[in-house]
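Engineer: Sequence:
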Amino acid sequence: MNGKLHADDDLSMGADLLNPFVHRLELSTTYEKIKTGVLTVLVLPVRVAAIFALLTLAWLLACVGLLGVSERQLRERPLAGWRRGARAGCALVVRAVFACGGFWRVRVKGRRAAAAEAPVLALAPHSSFCDALPVVCLGAPSVVAKAETGKLPFFGKLINYTQPVYVWREDPDSRQKTIREIVDRATSPLDWPQVLIFPEGTCTNRSCLITFKPGAFYPGVPVQPVCIRYPNKLDTVTWTWEGPGALKLLWLTLTQVHSSCEIEFLPVYHPDARERADPKLFASNVRRLMARALGVPVSDYTYDDCRLLTRAKRLRLPDAAALVEAQRLRQRIGGAAGAGPGAGAAAEEERLLAQLRALPEHVSLAQFAQLLGARADDSQLQQLFHLYDKQGDGRLALRDYLFDSLLVARRCGSPQEALQLAFQVFDRSGEGDGRLAPPDAREALRRALPAAPAHALRRAAPDGAPLAISALSAALEREPELWAALGVGRRRRRRGSAGRLAPAH
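Heads up, the sequence shown is in UniProt numbering, so the first residue is 1 and it goes up one at a time.
Hints were generated in silico from the structure; no laboratory data involved.
Here a beta-carbon is modelled for each residue, glycine too, at the ideal position from N, C-alpha and C.
There could be a bad hint or two in this list.
For lysine to any residue, the following SDA-like pairs were computed, each having C-alpha atoms within a straight-line distance of at most 20 Å [as the list claims (entries may be wrong)]:
id : residue 1 : residue 2
1  : Lys109    : Phe265
2  : Lys390    : Glu417
3  : Lys146    : Ser174
4  : Lys157    : Ala96
5  : Lys248    : Gly101
6  : Lys233    : Leu250
7  : Lys248    : Lys390
Here are the simulated distance ranges between beta carbons [as the list claims (entries may be wrong)]:
id : residue 1 : residue 2 : range
8  : Arg351    : His386    : 44 to 52 Å
9  : Gln73     : Asp173    : 33 to 41 Å
10 : Lys248    : Trp168    : 26 to 34 Å
11 : His386    : Trp251    : 51 to 59 Å
12 : Glu32     : Gly110    : 32 to 40 Å
13 : Gly373    : Lys280    : 23 to 31 Å
14 : Asp272    : Ala293    : 15 to 23 Å
Turn these sequences into a full structure, and let the hints steer you where they fit.
Structural biologist: Shown next, in the form of structure tokens:
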């Protein structure tokens, strides 16, 4: 029995308000702060030394096990004989690494299926670099991983020893190559280890299951879902796009007396004819089954949202997660003339920008719905409206909304591009000549350079005559604090051919 779920399953309800890419972690109690300080002095050095020694041993075992084996041989045939035995020994050493880090015991529920019964293992949620622990506990099966991981010091050699299926995310043909390799292994008569995937494709905070990438479901073979939990009082393992960095998480994890991890094997999922013909349906049904076992909702966030977060961080936007949420909601709202969700959304915003001079600065929910050609009772529209109703007075700042929306639609990837857009959006004169009144110029700077201090903005755009962007460029030359906000060093900055800001190379 697969326990198949229908598309209207209620687990998706309530997921709209979740953001799986944000994690907050603070030592809120005096006890936690004292304990962390004491263990940092007394325990952390010992653990780090032991971990380094064990990682070195594991790396040496991997080097010996891969001696004389080419990359082509690793892809074409499974390791056998003493090399396979050495890989099992290497996995035990890495398990000891986690034990030194505080993961003494891993609780396992359910029964793991043999490779012949389930060629693919699907692990979720993926939330941490500590997810390597379940991989080790499974005997180091072949992982599907991004190609860059194979170049990591120490860990790259260990990952290569699992005979992974590498994904080159920037290669347009990589998806087909990955699918073909998984199919070949899943249907091969050779004794390949199981293929292990993290179908979400990125780390989340475990509050929901985001969209599963369908690549590993294309073979249409049985899959065993495996749920991961970290039932710790203080969550020091969750590594998301917006939250503590890897070093802080590693420090706090190594200064815990004990950390817990649970692995639950669910029954093998056998796809039916429809799912074999539609890998996205197959992936979606496996995701819903796992969400039900975990007791969390599903959400339609994807890996593409992570790339948007990366761009937002590059622009140093203060609330990148809210920008992702706004973009996701906008794509689900129908456009004008009865267009479906997401259809023409960017074109709608460009049209509004062209008409901005004739539009009010603030709009009500009904006016906002009319501008987007949507219904005011659309729940997605209402959530989007409330994201920009900063004062809670039932009014949306239209220019702020358009700036964020067009920032995404135009794929602005640098502060300089964001500044060019801000000069368009906050041009209240309507002349379109790039000359802004000083208050508007300061507002454009504030939105494009949120990390810049207010006094530097005032000096760059003093009261007086309207400012052209070329004049602002000259003013920025005299404001190192603004160049720091742009992320450009004094020796690396330059001007564009028309006196406009240009990215440094």
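Engineer: For each hint, tell me whether it holds in the structure or not.
Structural biologist: Cross-check of the supplied hints:
1. Lys109 x Phe265: Holds, at about 6 Å.
2. Lys390 x Glu417: violated, 25 Å
3. Lys146 x Ser174: holds, 10 Å
4. Lys157 x Ala96: holds, 18 Å
5. Lys248 x Gly101: holds, 14 Å
6. Lys233 x Leu250: Holds: Lys233 and Leu250 sit about 16 Å apart, inside 20 Å.
7. Lys248 x Lys390: Answer violated: Lys248 to Lys390 is near 32 Å, above 20 Å.
8. Arg351 x His386: 44 to 52 Å: violated, 23 Å
9. Gln73 x Asp173: 33 to 41 Å: violated, 22 Å
10. Lys248 x Trp168: 26 to 34 Å: About 30 Å separates the Cβ atoms of Lys248 and Trp168, which means 26 to 34 Å holds.
11. His386 x Trp251: 51 to 59 Å: For Trp251 against His386, whose Cβ atoms are near 37 Å apart, the range 51 to 59 Å is violated.
12. Glu32 x Gly110: 32 to 40 Å: Hint holds: Cβ distance 33 Å, inside 32 to 40 Å.
13. Gly373 x Lys280: 23 to 31 Å: holds, 29 Å
14. Asp272 x Ala293: 15 to 23 Å: Roughly 20 Å apart at Cβ, these two residues keep to the hinted range, so it holds.
Hint compliance for this structure: hints 2, 7, 8, 9 and 11 are not met, and every other hint is.
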